[in-house]
Structures are given as structure tokens and as C-alpha cells.
Amino acid sequence: MTSASPRATQGRRTFLDWLLGTSVGGLAVAVLYPVARYLVPPRSAESAASTVTLPFVPDDLAPNSAKIFKFGNRPGIIVRTASGELRAFSAACTHLGCIVQHRADLGHLWCACHNGHFDLNGINIAGPPPRPLETFIVNVRGDQIVVSKGA
Amino acid sequence: MRRVRGWLAVGWTWLDDRLGLAGLGAMAKKKDVPVHRHTLWYYLGGMTLFLFLVQLATGALLLIYYRPSAEEAYESVQFLMAEVQFGWLIRSIHSWAANLMIFALFLHMFSVLLLRAYTRPRELTWISGFLLFGLALTFGFTGYLLPWNELAYFATRVGTQIIAVIPVVGEFLLRVLRGGDDVTGATLTRFYAIHVALLPATALALLGVHLYLVQRHGMSVPRSVEARGGPARRMPFFPNFFLRDLVGWLSALAILAALAAYIPAELGAKADPFASAPAGIKPEWYFMFMFQTLKYLPAHILGIEGEAVGVLGFGLGAVALLLIPFLDRGGERGGSGRAVTWFGVAIIAFIIVLTYLGYTADPTQ
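Chains A and B are the protein sequences, given in the same order.
Numbered according to my numbering, the first sequence terminates at residue 295, and the numbering increases by one at each position without gaps.
Numbered according to my numbering, the second sequence terminates at residue 381, and the numbering increases by one at each position without gaps.
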């Protein structure tokens, strides 16, 4: 040690500083990176379903009423209008994702969370929702209701 | 008797040699509290602390029966309320103490704001306190979901969806927070981990910093009192102030017991991810003013989605409050701080009016 010149000591010290600095940084990354990745949930397979057959028959739906159904892992709502037509939409409100309901007294769809209103074409007509509800295609085959995503 | 006293003396000396109790005793003896017409506000921090300790104790007890899964959470709370002896009491006290703690915290924070006790050298005391306030709200938000009932389910759907308005990373953060695309059992375990492990650990550490700073700088004397020649007298912390604290804490405990007995915590219906949001859905009262504001905002403001504008506004308000010691430039030079007073009063008025509307406005109109 005593034989080393000041300059050599200086060089060695810089090197040690660098080594320590980078290994502390490396340690931090080695700890934090797995933790950060751990916190991100794994991507579950998106529901590939683009068509569902509803677990009830058309006669279960009286005019001016609606039912919630499962479209894959997301909620949908099917409405029978006062004139008897069947229409289906995504039931997730476009405002903050609450599940909408059919209000027979208003004759249209309503979200209880922030008082959003949609008409029976899924168009946002009042309140905070910024966009219309996603519309699905409804086909009745015998006594089966088949709902599918639009093209 | 004399022999017992002798043993106690020996025991005390043994501990003192190792822990330095005499030094702590001397410090406690020196601690005092200024007495003036605003002294009442000094009790609110201690009150918040007491209610927090009640939360730690009752929370630990609830863990014994609670099961954090979408299939079992609701049933385990139902079992706790119906079958477990005094289960209803523990849960009701946990729920009421949470509400009272946040109420005390609001009063504590706004009294400190209006008395401008955050000025030099107490900037960090204010910041640590404000962060604790944020943690308390997070405690409330995550705890609300744990019984997995209908109200909590939709409140969480809405509350978490708000994060998605952040540009670029919003959707990603939403997935991390929910543990998936929707509020599911994965969200429940996440919130459970945050509520019972992450938050208590962080809050205790931050509380240590906050109390150390309060201890280090002593009680702030309001400027109006300073202007009239300072406080008339000071009261020793031990035992005078501490005994008054205790009276407040015992009263709080009595109020808690009464509230828990007469208005026990409700459970409601089990959450169903495939049911319409029920009419009259509402968050905890301390989020009500934000919830109600979001109802009034139109779909678009200047081409930006209404809720994004609202969330941005609340975010800016929170940042302004956090940085108030640095924004209040008059504080250093002994200015009147009228701007801060108006800012504080405006926030309080806004919160009260919107909260009132949240509970009285017709939810369908």
C-alpha cells in the first residue's frame, strides 16, 4: 500500500467508486425489475367469443324490458323495445364502466353511477357519458337468441 | 411494600442503563404546549392518532376471520357479523373509527392550513401530514372493497376507472391496479395486500417522521396570537395536556361504542359483476364531493372528456395543497396570508356544498 504513488491510488479509488456505484445500481435494478414485473398482472386470454347464445328464450323478455347477459367475460344488455324489437349493447357505461340498466319508466337505458342516459340505439343522450354504447347484432333462430359483435 | 419498591428501583435502574429512560423522562418533562384561544386545534392530531391505533387493533382482529377471495370474502364477513361473538362490534368499530379518523384528519389538516402552521420550519411536517392524509384516503378506498358487496364493487369500478383518463399510461396503470381488465377477485387480493400490509407499514414509518418533526419543532403558535404578544402561558405536556388528550380519547371510544351498537356496519348484497349498478350507488362520504362533481361535468369540456378535466382539477388542487408551504410566499415575511385563507375557505365550502348535494340531489335527474 505504502509503495503506491498518489496517482495510482487515485486511479484505483476512481475505479472502486465506479465499481461500487455500478454494483449498487445493478443490485437495485436486479431487485426492482422483478418486483415491477411481478406487479403487472399476466395477460389472460381475451375472450375470443364473438357470438353468444343467450340462456333464455325470446318470450322471457316482455316489451319495454331488458336483461343483462354474459358476452364472454363482459356484461351485455338485451332490450325488447315497446314495439317488440330486440336490441343488444355492451352494458358497460362509456363514462366510468358501471353496468347500465333499462328504466321502464323512462323507456331507455340509464347508468346509476353518474346519471348517464342512453337511448335505445345506444346513443348517449344526457349526462356525462362521452360515447355511445357498443352495439351488438341480435338474431332470433327459433327460440334461441344469438348475439354477435358487429363486423 | 418496601421490598417491592426496592425491586422496582433495581428493575428501573437496569432498564435505564440499557434504554436511557432518564433522558427520555427529562425530554418529556421539558415538553410543553402554548395556551391561547386556538389551543383546541392542537388536540386533533392526537385524536387522529388514537383512532388510527383503534384501526390497527380492530383490523388485526378482523384478519382472523376474513378471507380475501371473490368466492369467500362476502361470506366470511357475513359469518363474522352473524355467527362470531362480537364480530359485529369489531367490524362496526373498524368501520366507524375509519370514518371518524378521516373526519378528524380533515379538521386537523384544515385547522393547520387556516392557522398557517405549515410555514418555516414546519414545511416537512405539513408534507408528511399531507402524505398521511393521502394514505388515509387510500386506506378507505381499498378497505371499502374488501367485504365484496354490491356498493363497494361498483364504487371500485368507478374509482379505479378514473385512473384510465391519464394519457398514454392510464390503461396500463388501470390493469396493474385492478390485476386485470376488470374488477375481479384479482383486484380484491391486490387491495387486500395494499390495505393490510403495504399501507400500515408505510403509514407507520411516515407517522414516525411526522411525530418526530412535531416533537422537534414544538407546537406552532398562530400569527394572530404572536401579534398580541404571544401565548399567555404554556402548559406542561405531561401530565396536563396528555390527560386532556386522554379525556378526548375516552370520549371518542364511548362515541365509537355507541355508534357501533346503534348503527352497526351494513353488508348489503353480494357483488355480482353481471348485474346492473343499483340506483343510489355512492362512495364513502369523503369521496362524495368528487363523485358528485363528476356527475355535473358535461361529456366534453373544450373537446376534452369531462371526467379528465375533473380529475385534472382535483389533481392540481391536491398538488397546490401539498406545496402550500412553498406557494405561500407571504408566510416567510409574516404577511397576512389572506390568499391562503380564501383558498382554504373555498376548498372547505366546495367540499361541504358538493357533499350536501351528493346526499340530497335526486339521483335520477
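Any given hint could be a false lead.
As the list claims (entries may be wrong) - In silico DSBU-like cross-links for lysine-lysine, where the CA-CA straight-line distance does not exceed 35 angstroms:
(1) Lys211/A - Lys311/B
(2) Lys293/A - Lys286/B
(3) Lys214/A - Lys286/B
(4) Lys298/B - Lys211/A
(5) Lys286/B - Lys298/B
Source of the hints: derived by calculation from the structure; they are not laboratory data.
Here is how each hint holds up against the structure:
1. Lys211/A - Lys311/B: Holds. Lys211/A to Lys311/B sits at ~25 angstroms (cutoff 35 angstroms).
2. Lys293/A - Lys286/B: holds (30 angstroms)
3. Lys214/A - Lys286/B: holds (18 angstroms)
4. Lys298/B - Lys211/A: holds (23 angstroms)
5. Lys286/B - Lys298/B: Holds, at about 16 angstroms.
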